[in-house]
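Residue numbers (this note's numbering), protein chains in the order written: chain A, 1 to 312; chain B, 1 to 259.
Hints are not guaranteed to be accurate.
Unchecked claim - A few chain A residues facing chain B, derived, Cβ under 10 Å:
{"id": "1", "residue": "Arg-18"}
{"id": "2", "residue": "Ser-77"}
{"id": "3", "residue": "Ser-90"}
{"id": "4", "residue": "Asp-111"}
{"id": "5", "residue": "Glu-181"}
{"id": "6", "residue": "Leu-221"}
{"id": "7", "residue": "Leu-235"}
{"id": "8", "residue": "Glu-284"}
{"id": "9", "residue": "Ile-309"}
Simulated from the structure, these hints should not be mistaken for lab results. The model shown is predicted, which means the values in this text are computed figures rather than measured ones. All C-beta atoms in this analysis are idealised placements derived from N, C-alpha and C, irrespective of residue type, glycine included.
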Amino acid sequence: MSYALIIAEVRRGVFEERNLDTLGICALLGKETVLLMPDKPYTFNENMYDTIIKAKTEEEVFLNPLNIAGIIEQVISARGKPDFIILTHSSSGSESAVYMAGLFSLPVVTDVSGYDKERNIFFKSYYSDKIFGEFKSSQEGTCILTVRSGSFKEFVGEKASAPKVEFIENVSVSEARTFVEYVEEEKTDIDITKAEFLLSVGRGIGNKDEIPDYEALAGLLKAVLSGSRPVIDKLWLPKARQVGTSGKTVKPKVYLAMGISGAFQHIAGMKDSDCIIAVNKDAEAPIFQYAHFGIVADIHKVRDKLKNILAG
Amino acid sequence: MNLLVFTKRVPATQEEELRIVDDGKAVDLSKVPFKVNDWDNYAVEEAVQIAEKTGGTVTAISIGDKESDEVLRRAIAMGAKDGFLIEKEEILHDPGVRAALVNNFLKKEGIAYDAIFTGVQSEDDQFAAVGGILAAKLGIPYASMVIGIDAVEKDHLIARRELEGGLQERVKITSPCVLAIQSGINEPRYVSIMGIRKASKVERKTYKGADYSENANNSIEVVRWVYPPKKGAATMLTGELDEVCKQLLGVLKEKGVYQ
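Generate coordinates for the entire structure from the input sequences, incorporating the hints supplied.
Put into structure tokens, the structure is as follows:
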């Protein structure tokens, strides 16, 4: 029976919403959906899967690429090879996907954001999200995919009957890599997720010396200043102010993005804002695809002009 | 600790308008400037810092055409002892092929290492895959999204991995291992033109990719290149700067965030 094996993304007892995207692409592929997850109590709609396989092990063991490979070997020996092994394009999902690709010598396409059923082609972003590559596997057999969050969730639906539930009793645990502990982000007084109006700056501001002028603009607008990954990486703004998958997910009334090109990890953290306004000198910047209003201009000139108007 | 670090020369496409040519068979990069992959810059810096602390060496390795020598010189200027170029003229779009080449290269040349660092992903193909495939092929453990290395011991490292929403996890990983280094892990040192010129005097070895291509066959292929579908239609505010800014303030007032 042809099936797709979905590896659940779970974290600290939560069944992540991104799992809807791995399920959604399965619906498009028209495969029997087999979900593999740790045997722990998670809250989600089980009726969306044909079969659920629960591995009797700790979540941290399951999330380790060295262990998940062994679990999947057990699934394959019981059910035969799947047509696809599908994971979320998350920190742990992509980590496990590529390690399995190497271990089992299987093709892998990561960060898939579209599928053309007629031509059996997967779309993957290239070159700052400005170009899509149309990919296909060049060999028969299983293909591993990681899928971009938000890309396929609209295609999910419930099955006619409740899922079959199976168990994997024995999971071998690798000593070569072991979980030690979670490390929480330091608490700070600023919580950008509470702000109604965020002025967010990106790589386009050029250098750290520009920050005070954007802070001043934020002050005049009564907005809170936040930033995208490059600004945080370069320590121009503190980590607590980072918008994006590895930082905060924000939904302000207005998100004013200046000099942010719109890498997908950033978009994922702000796309549900009520109103997105993007200012960028590059008319091709992907952020304009998600913005409600756009300005193609030199961001420093816009900043200085706004300050003039507001101060005057 | 002796470290190998992979570094890649990539097109700086962030602010470039890209054109697809040859009926979708190619992307025209002829007018695009090239640079070191941002993630690799952090990986090189991390490797150099660890070598400085533990008294080992760093060897930079690049797969690419002759021009890739430029990122090897850069790594040497940052503190790598030497640089190897695995020469391949064509762009390799399958990370499995890149990993197979490296796997063959390391084994055939008998290169010893305690750890291999890569960047989390490269800016051009955004695959985030070579390090993990390579680790599995070498039979050694792997961790990606490494945002901190908290301890380097004789037989293991303690690495911090970046997860989602500001959360991190600390893992213990035995060496040798492959770590994919996340941007922001350190502050990469400044590299001057003088530094690169000095690095040019250090010999870099070139190896022919064809000598290491056993089992390095494409398992995936690019059928063609297309432009991403246009999603929304942002209302573009246009006109003179003054006019545009007033329109912007108008939007802010309408949305009720500015009076």
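Mind listing which of the numbered hints don't hold for this structure, in increasing order? Checked against the structure, the only hint that fails is number 2, while the rest are satisfied.
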